[in-house]
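A.B. asks: The chain contents come next:
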Amino acid sequence: MADPLGLIGGSTPAHPIQTQKTKLPAGGQSIDPNAPTFKDLLMENLAKVNTLQQDATQAVEDLHAGERDDLEQVLMATQKADTAFRMLLQVRNKLMDAYQEVQQIRV
Amino acid sequence: MYGGLDIAVSGMVAQRVRLNTIAANIANSSATRDADGNVNPYRRKFTVFMPGDPNAKNEMGRELGVHVKDILEDQAPPRKVWDPDHPDAQPEGSADAGYVYYPNFNSTMEQINALEAQRAYEANVASADAMKSLVAQALRLIS
Amino acid sequence: MFIDGLTNADSTPTLRAAIGFAAGRQKLIAHNIANLSTPNFRPADVSVNEFRSQLRDAIDARRKQWGSHRGELKLSKTRQVEQKADGSLLLSPQESGRGVLFHDRNDRDLERTMQDLAENVAFFRVASDLLKTRNDMLNAAIRERV
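Chains as they are written, first to last, in our numbering: chain R, 1 to 107; chain X, 1001 to 1143; chain C, 2001 to 2146.
Watch out, some of these pointers could steer you wrong.
[Unchecked claim] Restraint-style ranges between C-beta atoms, simulated for each label pair:
{"no.": "1", "chain 1": "C", "residue 1": "Asp2104", "chain 2": "R", "residue 2": "Asp55", "range": "49 to 55 Å"}
{"no.": "2", "chain 1": "R", "residue 1": "Asn34", "chain 2": "C", "residue 2": "Ala2141", "range": "33 to 39 Å"}
{"no.": "3", "chain 1": "R", "residue 1": "Gln100", "chain 2": "C", "residue 2": "Glu2119", "range": "51 to 57 Å"}
{"no.": "4", "chain 1": "R", "residue 1": "Arg86", "chain 2": "C", "residue 2": "Gly2005", "range": "55 to 61 Å"}
{"no.": "5", "chain 1": "X", "residue 1": "Arg1140", "chain 2": "C", "residue 2": "Glu2050", "range": "26 to 32 Å"}
{"no.": "6", "chain 1": "X", "residue 1": "Ala1035", "chain 2": "C", "residue 2": "Glu2050", "range": "52 to 58 Å"}
{"no.": "7", "chain 1": "C", "residue 1": "Ala2141", "chain 2": "X", "residue 2": "Lys1132", "range": "31 to 37 Å"}
{"no.": "8", "chain 1": "C", "residue 1": "Ala2140", "chain 2": "X", "residue 2": "Lys1069", "range": "53 to 59 Å"}
{"no.": "9", "chain 1": "C", "residue 1": "Ala2141", "chain 2": "X", "residue 2": "Asn1020", "range": "57 to 63 Å"}
{"no.": "10", "chain 1": "R", "residue 1": "Asp55", "chain 2": "C", "residue 2": "Gly2005", "range": "18 to 24 Å"}
{"no.": "11", "chain 1": "C", "residue 1": "Glu2119", "chain 2": "R", "residue 2": "Leu95", "range": "45 to 51 Å"}
{"no.": "12", "chain 1": "X", "residue 1": "Val1125", "chain 2": "C", "residue 2": "Gly2005", "range": "19 to 25 Å"}
{"no.": "13", "chain 1": "X", "residue 1": "Asp1085", "chain 2": "C", "residue 2": "Leu2110", "range": "44 to 50 Å"}
Quick caveat, the hints were computed from the structure, so don't treat them as lab data.
Nothing here was measured: the structure is a model prediction, and the numbers come from that model.
The beta-carbon is built from N, C-alpha and C at its ideal position, and this holds for glycine as well.
Isolated chain R, as found in the complex:
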């Protein structure tokens, strides 16, 4: 099983959260230290959602100021931004649930 946080195998919390080359039992894949972490993916998608929202805002403003007249493109840009935001909201909810579940673990 992959261990992106490096918790298994004796690494201490003081280590930065990065993938580490861990020895896995028979026949597993080894982890590439240069692959993006979950945190990187999350931040990247956060930035993408923000870009989509800004594009949608720009499109709506241009439509009403008369600089573009393709209504369907503006509507699609708005839809894309909204769907991306809703997806991000759900990811955030799942993460919060997972975190709370982890908190419940009696140690």
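For chain R, the structure is supplied; the task is to place chains X and C on it using the hints.
C.D. replies: What follows is chains X and C alone, placed relative to chain R:
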């Protein structure tokens, strides 16, 4: 918002009054006598429109919209037709002896006026529909 | 205060201005249609292109000052459109004078007026639907439920 509907309705009412007037004209296009039975040919009635509507319920409806200010009679002289045997012919000795006075308007023209009044009425109906859809659309904002 | 950030976020001020303009213009068009047969009546309308360029200037000013995310939209006063203190718009129509002058000195143009009516309703619908979408997103974010 409700004032917008007032404007369209005032237009509809005014055009309907106009249409009624035109219908009366067409019906009486050959009347040589008036309501009391005197020999007084029918005169074409026409409506006078003015912007604004004093009867509107809302303040805005009072300054926008249209109303019928007056229904006046066309004072053009009647059409004369030579027919000395007609009971309504002008008597001997008067200026137009032997002529019968008929209403002086063309019922074809009145029919065309009726078409135009109907067209304006439908335009006002469309305007009322648009205002209703605007209000319905605005309500969807909160639901 | 963060509530201002909510009510003036992104494209919301633009949409509010567009809706105000469309609602005001609707009454003007209805007035013109009601007076199709009134003698000596000259149909008066506001120019959409002028409003659009006014909106463009206000959007650019807002972006320069606050960035695209927040800030109020302040429309500069023109001959036709003026923004009042509470944000609503006051329209002063000018005569368009583009139709043929009929014998009753009324230069109506029925087809163009009906076209203006349909376009104005569509303009209102677009702005109102986009505003509704934004409201839904805001509610989803506040509720934390998609």
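A.B. asks: Next step is simple, just say for each hint if it's right about the structure.
C.D. replies: Evaluation of the provided hints:
{"no.": "1", "hint": "C/Asp2104 <-> R/Asp55: 49 to 55 Å", "in the structure": "holds, 52 Å"}
{"no.": "2", "hint": "R/Asn34 <-> C/Ala2141: 33 to 39 Å", "in the structure": "holds, 35 Å"}
{"no.": "3", "hint": "R/Gln100 <-> C/Glu2119: 51 to 57 Å", "in the structure": "holds, 52 Å"}
{"no.": "4", "hint": "R/Arg86 <-> C/Gly2005: 55 to 61 Å", "in the structure": "violated, 20 Å"}
{"no.": "5", "hint": "X/Arg1140 <-> C/Glu2050: 26 to 32 Å", "in the structure": "holds, 29 Å"}
{"no.": "6", "hint": "X/Ala1035 <-> C/Glu2050: 52 to 58 Å", "in the structure": "holds, 56 Å"}
{"no.": "7", "hint": "C/Ala2141 <-> X/Lys1132: 31 to 37 Å", "in the structure": "holds, 33 Å"}
{"no.": "8", "hint": "C/Ala2140 <-> X/Lys1069: 53 to 59 Å", "in the structure": "holds, 55 Å"}
{"no.": "9", "hint": "C/Ala2141 <-> X/Asn1020: 57 to 63 Å", "in the structure": "holds, 58 Å"}
{"no.": "10", "hint": "R/Asp55 <-> C/Gly2005: 18 to 24 Å", "in the structure": "holds, 20 Å"}
{"no.": "11", "hint": "C/Glu2119 <-> R/Leu95: 45 to 51 Å", "in the structure": "holds, 46 Å"}
{"no.": "12", "hint": "X/Val1125 <-> C/Gly2005: 19 to 25 Å", "in the structure": "violated, 45 Å"}
{"no.": "13", "hint": "X/Asp1085 <-> C/Leu2110: 44 to 50 Å", "in the structure": "holds, 49 Å"}
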